Every structure is written in C-alpha cells, then in structure tokens.
Amino acid sequence: MIAIASDHGGYDLKERVKKYLEEKNIPYQDMGCDSKASCDYPVFGHAAARAVADGTCEKGIVICTTGIGISISANKVKGIRCALCSDPLSAKMTRLHNDANMLAMGAGIVGENLALEIVETFLNTPFSGEERHSRRISLIEEI
Numbered sequence: 014m015i016a017i018a019s020d021h022g023g024y025d026l027k028e029r030v031k032k033y034l035e036e037k038n039i040p041y042q043d044m045g046c047d048s049k050a051s052c053d054y055p056v057f058g059h060a061a062a063r064a065v066a067d068g069t070c071e072k073g074i075v076i077c078t079t080g081i082g083i084s085i086s087a088n089k090v091k092g093i094r095c096a097l098c099s100d101p102l103s104a105k106m107t108r109l110h111n112d113a114n115m116l117a118m119g120a121g122i123v124g125e126n127l128a129l130e131i132v133e134t135f136l137n138t139p140f141s142g143e144e145r146h147s148r149r150i151s152l153i154e155e156i
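Going by the numbering used here, the first residue of the sequence shown is number 14, and it counts up by one from there.
No lab work stands behind these hints: they were computed from the structure. There may be inaccurate statements among the hints.
[Claimed, not checked] The calculated lysine to any residue pairs, modelled on SDA-like cross-linking and capped at a C-alpha distance of 25 Å, are:
| no. | residue 1 | residue 2 |
| --- | --- | --- |
| 1 | 89 | 126 |
| 2 | 31 | 125 |
| 3 | 91 | 144 |
| 4 | 91 | 110 |
| 5 | 49 | 123 |
| 6 | 32 | 139 |
| 7 | 105 | 147 |
| 8 | 72 | 139 |
| 9 | 89 | 99 |
| 10 | 72 | 99 |
| 11 | 72 | 41 |
| 12 | 89 | 139 |
| 13 | 37 | 109 |
Keep in mind that this is a model prediction, so the values were computed, not measured.
The task is simple: from the sequences and hints, build the whole structure.
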C-alpha cells in the first residue's frame with residue numbers, strides 16, 4: 014500500500030501518479046488534497062508520513078510545486094526518511110543506500126513522464142541491506 018498526498022501545486026501530478034499506480038495494480042491510499050484550491054502542504058505531508066510510520070502503508074509519495082516543503086513536513090514524523098528526487102538515479106540511490114520510505118517530487122520541477130520514471134524506480138528498487146548503509150540509517154534515526 015502506498016500513501017500518496019499533495020498540496021494544490023502537486024494535485025495534477027498526484028492524480029497522474031494515482032492513475033499509474035492503478036495501471037500497475039499497486040494499491041494506494043490518497044491522503045489529499047482533493048482539488049487545486051489553495052491549501053497547507055504540512056497537513057497532507059504529515060498524513061502520508063503518519064500512514065507510513067504506523068505501518069498502514071509501506072511507502073509514501075508526496076508532491077508539491079517544488080517538493081521541498083512537503084518533504085520537510087514528512088520528515089518531521091519519526092521513522093520517516095523522505096527523499097526529494099528529481100531524477101531516477103536519485104530515486105534509485107536513496108532506496109539502495111538510505112532505504113527511503115517516502116518519495117517527494119516537485120510538480121513544477123519534473124514533468125509527468127520523468128515523474129513516472131522516478132516513481133517506478135523508487136518503488137522497484139530494494140534497499141541494499143549492506144552493513145554500512147544500515148549503520149548510517151541507524152545513526153540518522155537516533156539523532
């Protein structure tokens with residue numbers, strides 16, 4: 014199960030990512046927002062992050078205009094490692110090395126096709142499990 018959320022600036026891209034998830038038969042939970050009306054991204058970033066942190070969802074995807082604000086909001090939730098990615102290589106490396114459990118994207122930064130490549134890479138790349146990466150994640154989590 015994927016938690017997905019956006020603010021008004023990420024709404025259109027969130028709707029396209031939802032369609033992609035449906036095409037791939039990947040279940041998701043839409044945590045809002047529900048329109049392009051101005052709204053506060055922390056509300057939706059926190060909702061998605063809480064769903065991942067409490068185990069309701071395995072991973073999360075959050076989107077706003079730049080991805081910055083909503084990623085900061087998600088990262089305020091204990092146990093969340095939300096990575097802002099604007100290319101597939103970053104999505105791959107953050108899964109391999111950081112075991113990121115949430116992906117943030119900027120709708121104004123990445124186009125639809127690139128965003129879907131990033132999502133696919135993020136969802137299909139496993140954590141490497143290497144000791145050095147596990148150790149670093151533990152260090153991040155204790156700070």
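Hints, one by one, checked against the model:
1. For the suggested pair residue 89 and residue 126, the alpha carbons sit about 29 Å apart, so the restraint of at most 25 Å is broken.
2. For a cut-off of 25 Å, the pair hint linking residue 31 to residue 125 stands: about 12 Å separates their Cα positions.
3. Restraint check: the Cα-Cα separation between residue 91 and residue 144 comes to about 22 Å, which is no more than 25 Å; the hinted pair holds.
4. Proposed proximity of residue 91 and residue 110 is supported: the alpha carbons are some 19 Å apart, at most 25 Å.
5. For the hint pairing residue 49 with residue 123, the CA-to-CA distance comes to about 18 Å; that is within 25 Å, so the pair holds.
6. A hinted pair counts as satisfied when its Cα atoms are at most 25 Å apart, and residue 32 with residue 139 qualifies at roughly 23 Å.
7. The straight-line distance between the Cα atoms of residue 105 and residue 147 is roughly 16 Å, inside the 25 Å bound, and the hint therefore holds.
8. Taking the CA atoms of residue 72 and residue 139, the gap is about 12 Å. The hint holds against a cut of 25 Å.
9. For a cut-off of 25 Å, the pair hint linking residue 89 to residue 99 stands: about 21 Å separates their Cα positions.
10. A threshold of 25 Å between alpha carbons decides the hint, and for residue 72 with residue 99 the separation of about 18 Å falls inside it, so the pair holds.
11. For the hint pairing residue 72 with residue 41, the CA-to-CA distance comes to about 9 Å; that is within 25 Å, so the pair holds.
12. With a CA separation close to 24 Å, the supplied pair residue 89 and residue 139 stays within the 25 Å bound.
13. Taking the CA atoms of residue 37 and residue 109, the gap is near 22 Å; set against the 25 Å cutoff, the hint holds.
When held up to the earlier numbered hints, the structure conflicts with hint 1 and nothing else.
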